[in-house]
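Kindly produce the complete structure, drawing on both the sequences and the hints.
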Amino acid sequence: MYNFDFEKPGSVADAVAALGAEDAQALGGGQTLIPTLKQRLAQPSKLVSLKGIAEMQGVCTGDDGAICIGGATNHATVAAEAGAYPALAATAAHIGDPAVRNRGTIGGSLANNDPSACYPAAALGSGATIVTNTREIAADDYFQGMFTTALDEGEIITEVRFPVPEKANYQKFVQPASRFALVGVFVAKYADGVRVAITGASNDGVFRWAEAEATLSSNFSPDAIDGLSLSGDDMISDLHGTGDYRAHLCGVMTKRAVAAAA
Amino acid sequence: MPKDGGIGASSKRREDVRFLTGAGNYTDDINMHGQAYVHFLRSDIAHGTITNIDTSAAAGMPGVVRIFTSSDFEGVGGIPCGWQVTDKHGQPMQEPAHPILAQGKVRHVGEPIAAVVADSLAEARDAAEAIVVDIDELPAVVDMKAALQDGATKVHDDLDNNLCYDWGFVEENKDAVNKAFEDAAHVTSLELVNNRLVANPMEPRVAVGDYARGTDESTLYTTSQNPHVIRLLMGAFVLGIPEHKLRVVAPDVGGGFGTKIFHYQEEAFCTFAAKACNRPVKWTSSRTEAFISDAHGRDHVTKIELALDADNNFTAIRTETHANMGAYLSTFAPSVPTWLHGTLMAGNYKTPLIYVNVKAVFTNTVPVDAYRGAGRPEATFQLERVVDKAARELGVDPIALRRQNFITEFPYATPVAVEYDTGDYHGTMDKLEEMGDFEGFAARRAESEKNGKLRGLGVNCYIEACGIAPSNLVGQLGARAGLYESATVRVNATGGLVVMTGSHSHGQGHETSFAQVVAEMIGIDENMVEIVHGDTANTPMGMGTYGSRSIAVGGSAMVRATEKIINKAKKIASHLLEASEADIELKDGAFSVAGTDKSVAWGDVTLAAYVPHNYPLEDIEPGLEETAFYDPSNFTYPSGAYACEVEVDPDTGKVTIERFAAADDFGNIINPMIVTGQVHGGLAQGIGQALLENCAYDENGQLLSASYMDYAMPRADDLPMFDVDHSSQTPCTHNPLGVKGCGEAGAIGSPPAVVNAVVDALQSAGKDVTHIDMPLSPDRVWAAMNC
Chain A
1 MYNFDFEKPG SVADAVAALG AEDAQALGGG QTLIPTLKQR LAQPSKLVSL KGIAEMQGVC
61 TGDDGAICIG GATNHATVAA EAGAYPALAA TAAHIGDPAV RNRGTIGGSL ANNDPSACYP
121 AAALGSGATI VTNTREIAAD DYFQGMFTTA LDEGEIITEV RFPVPEKANY QKFVQPASRF
181 ALVGVFVAKY ADGVRVAITG ASNDGVFRWA EAEATLSSNF SPDAIDGLSL SGDDMISDLH
241 GTGDYRAHLC GVMTKRAVAA AA
Chain B
1 MPKDGGIGAS SKRREDVRFL TGAGNYTDDI NMHGQAYVHF LRSDIAHGTI TNIDTSAAAG
61 MPGVVRIFTS SDFEGVGGIP CGWQVTDKHG QPMQEPAHPI LAQGKVRHVG EPIAAVVADS
121 LAEARDAAEA IVVDIDELPA VVDMKAALQD GATKVHDDLD NNLCYDWGFV EENKDAVNKA
181 FEDAAHVTSL ELVNNRLVAN PMEPRVAVGD YARGTDESTL YTTSQNPHVI RLLMGAFVLG
241 IPEHKLRVVA PDVGGGFGTK IFHYQEEAFC TFAAKACNRP VKWTSSRTEA FISDAHGRDH
301 VTKIELALDA DNNFTAIRTE THANMGAYLS TFAPSVPTWL HGTLMAGNYK TPLIYVNVKA
361 VFTNTVPVDA YRGAGRPEAT FQLERVVDKA ARELGVDPIA LRRQNFITEF PYATPVAVEY
421 DTGDYHGTMD KLEEMGDFEG FAARRAESEK NGKLRGLGVN CYIEACGIAP SNLVGQLGAR
481 AGLYESATVR VNATGGLVVM TGSHSHGQGH ETSFAQVVAE MIGIDENMVE IVHGDTANTP
541 MGMGTYGSRS IAVGGSAMVR ATEKIINKAK KIASHLLEAS EADIELKDGA FSVAGTDKSV
601 AWGDVTLAAY VPHNYPLEDI EPGLEETAFY DPSNFTYPSG AYACEVEVDP DTGKVTIERF
661 AAADDFGNII NPMIVTGQVH GGLAQGIGQA LLENCAYDEN GQLLSASYMD YAMPRADDLP
721 MFDVDHSSQT PCTHNPLGVK GCGEAGAIGS PPAVVNAVVD ALQSAGKDVT HIDMPLSPDR
781 VWAAMNC
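The listed protein sequences correspond, in order, to chains A and B.
Once you know that position 36 of the first sequence is 36 in my numbering, the rest is easy, because the numbers rise by one and skip nothing.
Once you know that position 471 of the second sequence is 471 in my numbering, the rest is easy, because the numbers rise by one and skip nothing.
It should be emphasised that the hints constitute simulated quantities derived from the structure, not laboratory data.
It cannot be assumed that every hint is accurate.
Computed, partial: chain A to chain B, Cβ under 10 angstroms [what the hints assert, rightly or not]:
#, residue
1, Met-1
2, Tyr-2
3, Leu-37
4, Lys-38
5, Ala-42
6, Pro-176
7, Leu-239
8, Thr-242
9, Arg-246
10, Gly-251
11, Met-253
Okay, derived cross-link-like pairs now, EDC-like style, lysine to aspartate or glutamate, Cα gap no bigger than 20 angstroms in a straight line [stated by the list, open to error]:
#, chain 1, residue 1, chain 2, residue 2
12, A, Lys-38, B, Asp-44
13, A, Lys-38, B, Asp-604
14, B, Lys-450, A, Asp-238
15, B, Lys-453, B, Asp-651
16, B, Lys-453, A, Asp-226
17, A, Lys-38, B, Glu-123
18, B, Lys-654, A, Asp-238
19, B, Lys-587, B, Asp-604
20, A, Lys-38, B, Glu-289
21, B, Lys-453, A, Asp-223
22, A, Lys-38, B, Asp-28
Non-contacting residues of chain A with respect to chain B, defined by C-beta distances greater than 10 angstroms in every case (computed) [to be verified]:
#, residue
23, Ala-13
24, Val-16
25, Gly-65
26, Ala-90
27, Pro-98
28, Asp-140
29, Met-146
30, Phe-147
31, Lys-189
32, Gly-193
33, Thr-215
As the structure is a computational prediction, the values presented were derived from the model and not from experiment.
All C-beta atoms in this analysis are idealised placements derived from N, C-alpha and C, irrespective of residue type, glycine included.
Laid out in structure tokens, this is it:
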């Protein structure tokens, strides 16, 4: 780890000010950033912890019934308190291990946008709204490829709003070593249609499977997936599986998510 | 009734109290006054010529004490290899130089190029980044077969080629073996990979070098399974320090699994640098460094053929193996694919003719050496896979085919140069059939199929050669060391004992089970016996712990030393009791005169030995301390039969282990609980190899699985509750305790059971799958089902 300054502001405004310094870096739960620093793969001048900002903590229900999660809320809290959206709580309950869940935050996960992380699938699959210190960003506009998002330099995710679907489920097929998603499929059925978001598989990061969404919107049953397939050509191919294998798993996990949706 | 102490009791592991309460003393816990830290600048290129190393900017950076490169080691020897294999033409293996820091070339990712010693680790790392190294990259030699082709890039320019040796065993049998194949009614052949593994002990390697200017004595604290071996190799071959000026201490060590047997550059460096800098020098491996500098294990590519006659009797086995040595020869690397592998190819079967060919190959990868089982898992895997395949081809029951070919009469001389002293292979298989509930399998398979899963049952046997090894034999085979073990038993005046052993415990529980042996012999409480190990300054020269040798060889040395103690104590007792020595009996910690009620307590005798007021001084010396060295007359041959039941998810290829039963014969057992724990650990590692662990390089020699993000270690939820039994006991006939050793069995015996089970599951669904290479990860299983 290289030397850096450290600040832990108590308000979003102070955090934004602190992030104005050159090469300053926001720190959520540090579950990706701290290992990166320990490997000397990043050299921020300053870390700005978002954990001391009370207004970015906790889970509540908005006037429209959406589940609103503070950007600095850890996964264990979401697992325990987002019961009004059971599929979201269950997703949070299976991220990493207990240590990760008690440190890692939803804002940190979404800002990092790891192509194998679980939360991007939940946010995209739910059509969530990413609220920042400056604006509200629809999930469909937010995810822009592996480790790439719509966030500007110094922009902070203060809240994430999840509209609660009629039914939803997340199915994660874990990569055996990291236990990140080799393929993770989040399926959510809303009154106006079904959303299917897939993480772990694509070279472009989390994506919506439009064909499955269309089919499931008219027939929300596992069998509806039969005959649908994705191409493995643009999918991640590595030590743990080829693109074709991942493409196959997309179908299997989608089917299982539909079957398990509640 | 289970015993509550001594041999056969499941005494709680006394060492666990300190391990579990954070009171262990590991090498990284050792910090010396004025200590400096070393950071190694390691190659991130697999193969290249070093054209320039510029340390000038780094040398002036804050906290830097000194920067070392290979030019600082010109008067110093390289890292030695401890075993010389002779090839099939009678020629010695090709043995490259193994410098402490890269000399002229880098030959694997992770090879140390320069070492920065600084006041703090952070300063050492900062300075290392300022070192400029220019390397002209060369093509990386990764694939073993390509490495042996004419014109292949050479890992070592001064060697003829990349072939370390071409070994034939037994070369004289080759023609007869070939003839048997010509005459065979059926031949089954199989090509397979025994996947490369990273040992991953929980505690990474650590070395602290210290030098006492006043007495010219060097001390190395290190994470070693065998401190005396390190002292001998490093003192005699690397640094030229005589043993009386060199002390090596291996305190609490957090797991070794083989990879902490070997003498590593970092140990020699810290010892050397401590003197050169006149300051203690400490190195603690990061996990990342461990992946690219700890010797790896396995990595064999094998073709095995099994010949059978018309009655399904095995008539011959022929194998051809390519064994990866990596870039340099680690301490015992050449012995693993040869004498620890070829000699086991008979397995549990009376196959009369066997020929084993092994080509050991240099590549631009981390050196490969012994890992839990070392050679024996590779032998077991290929043999038990080919037998299973043969049974399927012939349409016979795989257990029946095994039973038909079992060795049943002992001692049994195999055609591969070893003689099994005892065993009962039908006995362990009987036990396994009872544990495995094979009758219930069909119902369980039906239940799995109802849930959309495939279910498979895999069975295998294993034999291993443990308790290594007779020194005169291994000397003939190329070992550059003896393989005896030592013990000193020191009885204190008030009756307590300290046993100083040359064995080394790094998780095995020696402090408990060794004490049980000595306490049993004397008839005293175990808590009166303390086991001391790991420090060359206070233990007799010993060869350490590996190859499931500690109780068989180290325990035997302890028995011999304790016998000497008892013999002398009887002389003292006979004097105190005014009786003939021949009439003295030792029982329950008291000496009595046979046929009388006269007796004297153990403590009275020990006190007399040290306060010899009433003592036969004219006949015997005061004191009660004895040393014994024990050199075994043969290996020991633990054996067993394992059964694995898996479920395969046909949609994803995911394998889950539903049941696992292990019936072992370890001969006599000192502490059943500890033995069970050893089997559990071995099974976890074997199942890890079979399902999860995959050390993979790309074609440029970059390690793809260089962290736990990509290297899958077995976790508790990957494993079932194990059903373990070791009630089949055919005691070893040639050591005093009748013990065989149990440390490696689980890792040796389990991989073929898992693969056999998965193949069985896939075939149950009509898939024409006869083999899948380990690890049987979901993608590989799915690909096999859908090719």
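Quick rundown of the hints versus the structure:
Interface hint status for Met-1/A: upheld, as the beta-carbon distance to the closest one in chain B is roughly 8 angstroms, under 10 angstroms. About 8 angstroms separates the beta-carbon of Tyr-2/A from the nearest beta-carbon of chain B, less than 10 angstroms, and the hint is met. For Leu-37/A, the shortest C-beta to C-beta distance to chain B is roughly 12 angstroms, which exceeds 10 angstroms, and the interface hint is violated. Here the hint on Lys-38/A is kept, as its CB sits about 9 angstroms from the closest CB of chain B, short of 10 angstroms.
Here the hint on Ala-42/A is broken, as its CB sits about 14 angstroms from the closest CB of chain B, past 10 angstroms. The beta carbon of Pro-176/A is positioned within 10 angstroms of a beta carbon in chain B (closest approach about 4 angstroms), and the interface hint is therefore held. Proximity of Leu-239/A to chain B holds as hinted, the smallest CB-CB distance being about 5 angstroms (cut-off 10 angstroms). Checking Thr-242/A against chain B by beta carbon gives a least distance of about 7 angstroms; that is within 10 angstroms, so the hint holds.
Interface restraint check for Arg-246/A: the shortest CB-CB distance to chain B comes to about 9 angstroms, inside 10 angstroms, so the restraint holds. Of the supplied interface hints, the one on Gly-251/A holds, with its beta-carbon coming within about 9 angstroms of a beta-carbon of chain B, less than 10 angstroms. Contact between Met-253/A and chain B, as hinted, is supported at the beta carbon level, the nearest pair being about 8 angstroms apart and thus within 10 angstroms. In summary, the hint linking Lys-38/A to Asp-44/B is supported, as the alpha carbons are separated by about 18 angstroms, within the 20 angstroms threshold.
The straight-line distance between the Cα atoms of Lys-38/A and Asp-604/B is roughly 61 angstroms, outside the 20 angstroms bound, and the hint therefore fails. Restraint check: the Cα-Cα separation between Lys-450/B and Asp-238/A comes to about 33 angstroms, which exceeds 20 angstroms; the hinted pair is violated. Of the pairs offered as hints, the one joining Lys-453/B and Asp-651/B holds, with about 9 angstroms between alpha carbons and a cut-off of 20 angstroms not exceeded. For the given pair, Lys-453/B sits about 19 angstroms from Asp-226/A by alpha-carbon distance, which is consistent with the 20 angstroms threshold.
A threshold of 20 angstroms between alpha carbons decides the hint, and for Lys-38/A with Glu-123/B the separation of about 14 angstroms falls inside it, so the pair holds. Annotation: proposed proximity of Lys-654/B to Asp-238/A holds, straight-line Cα distance about 17 angstroms (limit 20 angstroms). About 14 angstroms separates the Cα atoms of Lys-587/B and Asp-604/B, which keeps this hinted pair within 20 angstroms; it holds. Taking the CA atoms of Lys-38/A and Glu-289/B, the gap is near 13 angstroms; set against the 20 angstroms cutoff, the hint holds.
With a C-alpha separation of about 18 angstroms, the suggested pairing of Lys-453/B with Asp-223/A holds against the 20 angstroms cut-off. This hinted pair checks out: Lys-38/A and Asp-28/B have alpha carbons roughly 19 angstroms apart, not beyond 20 angstroms. With 10 angstroms as the threshold on Cβ separation, the claim that Ala-13/A sits away from chain B holds: the shortest Cβ distance comes to roughly 34 angstroms. The beta carbon of Val-16/A sits about 31 angstroms from the closest Cβ of chain B, which is more than 10 angstroms, so the claim that it is off the interface holds.
No beta-carbon of chain B comes within 10 angstroms of the beta-carbon of Gly-65/A; the shortest separation is about 35 angstroms. Ala-90/A, annotated as away from the interface, keeps every beta carbon of chain B farther than 10 angstroms; the closest lies near 17 angstroms. Distance to chain B confirms Pro-98/A as a non-interface residue, since its nearest Cβ pair spans about 13 angstroms, more than 10 angstroms. Residue placement check: Asp-140/A keeps its beta carbon more than 10 angstroms from all beta carbons of chain B (closest about 29 angstroms).
Non-interface call for Met-146/A relative to chain B: holds, since the shortest CB-CB distance, roughly 15 angstroms, exceeds 10 angstroms. Every beta carbon of chain B lies more than 10 angstroms from that of Phe-147/A, the smallest distance being close to 15 angstroms; the non-interface claim holds. Interface exclusion of Lys-189/A from chain B stands, the closest Cβ pair being 22 angstroms apart, more than 10 angstroms. With a cut of 10 angstroms on Cβ distances, Gly-193/A stays outside the contact zone with chain B, its closest approach being about 26 angstroms.
Under the 10 angstroms C-beta cut-off, the non-interface status given to Thr-215/A relative to chain B holds; the minimum distance is some 19 angstroms.
Checked against the numbered hints above, the structure breaks hints 3, 5, 13 and 14 and satisfies the rest.
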